[in-house]
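S.K.: Each chain is listed here by its residues.
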Amino acid sequence: EAGVAQSPRYKIIEKRQSVAFWCNPISGHATLYWYQQILGQGPKLLIQFQNNGVVDDSQLPKDRFSAERLKGVDSTLKIQPAKLEDSAVYLCASSQTGAGDQPQHFGDGTRLSIL
Amino acid sequence: GNSVTQMEGPVTLSEEAFLTINCTYTATGYPSLFWYVQYPGEGLQLLLKATKADDKGSNKGFEATYRKETTSFHLEKGSVQVSDSAVYFCALSPTGNQFYFGTGTSLTVIP
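Going down the list, the protein sequences come from chains A and B.
Reminder that position 31 of the first sequence reads as 31 in the numbering used here, one-by-one numbering, no gaps.
Going from the second sequence to the numbering used here is simple: count from 1 and add 115.
Just chain B, with the same shape it has in the complex (with noise of 0.2 Å):
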């Protein structure tokens, strides 16, 4: 089956510390695989995207990297901010059109 594993948090940084939270996937043929954001009260943002292996996606200092020998798609940014405090989500589209979300991991910053 299809399914998303994500890094459990809360996770609280110190404003410039580094990131990285673990997304691991189960999925059948070739995902696209996603970063989502959540800012409270609001609903899903796409943060970046990768379509097929080895691709990177970034935006906004954040990155991942598409891993189909590691079956991941971890986030990182080298110096985080408080605006980067948010809920974080990976999710992967099997070839089809149905999405997979993770449960999330909760970030803080702290200045």
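Only chain A is shown next, with the shape it has when bound in the complex (with noise of 0.2 Å):
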């Protein structure tokens, strides 16, 4: 099966700016997660959807992170202004129904750079 797809692979950008990251689940997967992880650190959840609805959202910073899943299937993340202190890889993740015994699938990630 194909793997959870994202784009683009890399982008730079400077402070202030707006940015926004694609991610493509795996096929039928209901739950979709977004994780930022900074060099050196483990993936931090920003948001869970499960379908179109958003499960948990309590670690987004919502002043500047936005994220949505129309459809309940493909998901963007955008920030908007970006600040230095996200420079990071933002990982998307999905699994089959999100139950807590299930792995998540992640995708390559996207990995940021503020200048």
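Quick caveat, the hints were computed from the structure, so don't treat them as lab data.
Just to be clear, a hint being listed does not mean it is correct.
When the alpha-carbon atoms are kept at most 35 Å apart in a straight line, the in silico DSBU-like pairs for lysine-lysine are as follows [to be verified]:
1. B/K192 to A/K44
2. A/K11 to B/K175
3. B/K171 to A/K44
Only some residues are given here: those of chain A computed to face chain B with a beta carbon under 8 Å [to be verified]:
4. Q41
5. G100
6. P103
Just so we're clear, the structure is a prediction, and the values are computed from it rather than from any experiment.
Beta carbons are placed, not taken as given, at the ideal position from N, Cα and C, and that holds for glycine.
Please assemble the complex out of the two chains, which come individually in their own frames, going by the hints.
M.R.: In structure tokens, the structure reads:
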């Protein structure tokens, strides 16, 4: 089966600019996650969708970050305006139903550098 | 609360050496436990999992046993190869749907 697809792979922007990332989960997976992985750290959950509804966005900096999954399939994550501390790899993951015993399948990530 | 603590790296081993990466957790309820591996420039890949106490997950020569009494899920491999060089993440998922990841342990295997 095709894995989780993310684009772009790399993005370099200046602070205060905006940026968007795209994710296409594994076909049929109801649950989609966006993580932020800062260099040398483990992934930190930003937002979790179940189909097209938000399950958890408690760690999403809502003043600058937004995400949507309009048709319950693809998702976009946006940052506007970007800050230096947003430099990180943004990982998208999906799982079949989101149950606790199911693994999450990750994309290769988007590496964001803020100048 | 829920959290995962991994041994700090980096870890450097010679090929065919024995590997242990320690992982302990704090969780409410009865979580599922996972090990993920991340190769350079790639996303995380599931290595193995265990969903209840005393379960042993295994894959590609790696093993980990879910120890409820010591709240641990240590990763082991009897004979590492150069191709095992990567960052390893321990993770837990409580009875719910959020994952909590450790900070990762970098492993370098030298020929």
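S.K.: To test your reading of the hints: which numbers does this structure violate?
M.R.: Failing hints: none at all.
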